[in-house]
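J.: Which chain is which? The protein sequence lines are A and B, in order. Residue numbering for the first sequence follows the numbering used here, starting at 115 and increasing by one per position. Residue numbering for the second sequence follows the numbering used here, starting at 10 and increasing by one per position.
These aren't lab readings, by the way, just hints derived from the structure by calculation. Certain hints may be false.
As the list claims (entries may be wrong) - Among the chain B residues that face chain A by a calculated CB cut under 8 Å, a handful are:
#1 L48
#2 K99
#3 A112
#4 D147
#5 L148
#6 Y157
#7 W158
#8 Q159
#9 S161
#10 I165
#11 W188
#12 F191
#13 T209
#14 N210
Stated by the list, open to error - Covered stretches of chain A, as calculated for chain B (at least 3 residues, CB under 8 Å):
#15 171-181
#16 185-193
#17 224-235
Where is the CB? At the ideal position from N, CA and C, for every residue including glycine.
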Amino acid sequence: MHLFIRKILYLAAAVAIMAGCNGSDCPLNNTVRLVCGFYSAGSDSSIAISDTLTISVRDSVILNRSVATATVSLPMSYAGDADTLVFLYTPAGSEASCSDTLVISKSNEPHIVSLECGTSVFHNISAVSHSSRIPDPTYRYAIDSVAVSNSNVNFDGQENLKIYYRLHQ
Amino acid sequence: MDKRISRYIIACISSLLLILPSAHAQLSGLRFKAESDTLPLIMGGQVFANLAGAVLWRFSDYGELEGGARLNMRCKYFPTVEAGVGICDKTNDETDLRCKTTAPFLRLGCDYNFSRIKTSPNRIYGGIRLGYTTYKYDLYGPDISDPYWQGSTLPIRLKGISGNALWTEFVFGLETQVWRHFHVGWTARYKRRLHQKGSTNGNSYYIPGYGKNDAHLFTGTFNLVFDI
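When you get a sec, could you build the whole thing from the sequences and use the hints?
T.: Right under this line is the structure:
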C-alpha cells in the first residue's frame, strides 16, 4: 500500500511539473499598422517619392520628414469612424510645401490576444476618399487615386492601400 | 543440539511465511483471470463527483462542478459520461483584462481496466474522452487611450461573445476502495484542443470542461466514487 501511495505521489508530481510548462501565446509582431504603397498612376509600378514627406493627423505628426519613400506604415485611430491624413510634400531645397488629404473610413474592433498580452485595435476599411490636385513643376506629386488592396488592418503587415500618384513630367 | 534444531525450525517457518503470500497471490490471479472471462457483460455501474474541480473553482480563478457515471462491462471496459458546469472569472493583474464565463460541458469516453486482477476493487485505468462545450463569455478591460488622437479612448466591454470547443483527453487513473461501495480515485489527463470557435475580438481565457485555453494541457481530477 505504501508503494501504491508513493507511485501516486510521483505521478502527481510529474503531472504538476508538466502542467507548469506552458509558454506564452503573445505574438512577436503585435503592432497594428496601415500599410500604404506608392505607385505611378500610369504604369502601376512602385515609386519612391523624392520630396520630403510628412504625414499628420488631428493632433500629431505620424510620419516626420521621410525622404525617398516607397511605402509607409501608419497608426490608425482607436475610436474614430474616419481618419483624415494630411500628406505634406516639401521639395528638396524648398521651404514651402503643398498637401494632399486622405480620408479613410473604417470600423474599430478591440482585439485581445490573451489576458496576458494586452489589447490591440483591428480595423476594417470601408471607404477611402482623397483631395484632388494637379501636379506642377514645383510640386511634382499629386494623388490620382487610391485602391484598397486589403481592407483588414491587423498584425499581418500586408499592404492595405495602393496610392497612385500623378507625376509631373 | 536443541538450539540448532529450534533455529532450523524458525528458519523454515520464516521461509514459508515469505513464500505463502506470493503463492496465494499467484493462485488468486489465476482464479480471477478465469473469472473475468465468465463475468456477466454488465456488472453494475458507478457515479462519481470531481472534488478537485470544485476546490479549484472555490480557491482559484476557474474550476468545474462536475460529476459523471460509468458502466462496468466485465470489469474491463467502462463507458463513461462526464458532465458539469465550468466557471471562470479571471482578471490579469498586469493588464487588468478580465474574462468571465459560466457554461455546461459534456465528455463521452471509455476507460479500460489495466489491473491484473480485474475484479479487484482497486483499479488502474487508461482511457479516452471526447469533450464538447458551447458557451458565452465576456471580456472586459480598461479603456484604451489613443496615443496619436489625443483624448480619444476605446472602451473594452465585450459581452455575450459566443464560442464553442471540441477536444480530446487521454486519461490515466487509479481508484481504490475505501469502504464497501465507496471508492476514491484520481485521474491525470492530457488534453488536446481539436476545434475552437471564438471571435475576432479575442478568445475566451478558459474553455468550460477543458481548462485554460491552450492548444494542449495537463489536468487532473480527484473523484469520489460510489458503486450502484
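J.: Each hint needs a verdict: does it hold in this structure or not?
T.: Here's how the hints hold up against the structure:
For the restraint placing L48 of chain B at the interface with chain A, the shortest Cβ-Cβ distance is roughly 24 Å, beyond the 8 Å limit, so the hint is violated. The closest approach between the C-beta of K99 of chain B and any C-beta of chain A is roughly 6 Å, which is under the 8 Å cut-off, so the hint is satisfied. The beta carbon of A112 of chain B is not positioned within 8 Å of any beta carbon in chain A (closest approach about 18 Å), and the interface hint is therefore violated. For D147 of chain B, the interface hint is violated, the least distance from its beta-carbon to any beta-carbon of chain A being 11 Å, above 8 Å.
The criterion of a C-beta within 8 Å of any C-beta in chain A is met by L148 of chain B, whose closest approach is roughly 6 Å, and the hint holds. Here the hint on Y157 of chain B is kept, as its CB sits about 4 Å from the closest CB of chain A, short of 8 Å. Below 8 Å, beta-carbon pairs count as interface contacts, and W158 of chain B has one with chain A at about 4 Å; its hint therefore holds. At about 5 Å, the closest approach between the beta carbon of Q159 of chain B and any beta carbon in chain A falls short of 8 Å, and the interface hint on this residue holds.
With a cut of 8 Å, the hint placing S161 of chain B at the interface with chain A holds, because the nearest CB-to-CB distance is about 5 Å. For I165 of chain B, the shortest C-beta to C-beta distance to chain A is roughly 5 Å, which falls under 8 Å, so the interface hint holds. Taken as an interface hint, W188 of chain B does not check out: its beta carbon lies about 15 Å from the nearest beta carbon of chain A, beyond 8 Å. For the restraint placing F191 of chain B at the interface with chain A, the shortest Cβ-Cβ distance is roughly 17 Å, beyond the 8 Å limit, so the hint is violated.
Because the smallest distance between the Cβ of T209 of chain B and any Cβ of chain A comes to about 6 Å, under 8 Å, the interface hint for this residue holds. The interface hint given for N210 of chain B holds, since its Cβ lies 6 Å from the closest Cβ of chain A, which is under the 8 Å cut-off. For the region 171-181 of chain A, the stated coverage by chain B holds: 5 residues have a C-beta nearer than 8 Å to a C-beta of that chain, and at least 3 were required. Three residues within the 8 Å Cβ limit are the bar, and the region 185-193 of chain A against chain B gives 4, so the coverage statement holds.
Only residues whose beta carbon comes within less than 8 Å of a beta carbon in chain B count, and the region 224-235 of chain A has 11; three or more means the coverage holds.
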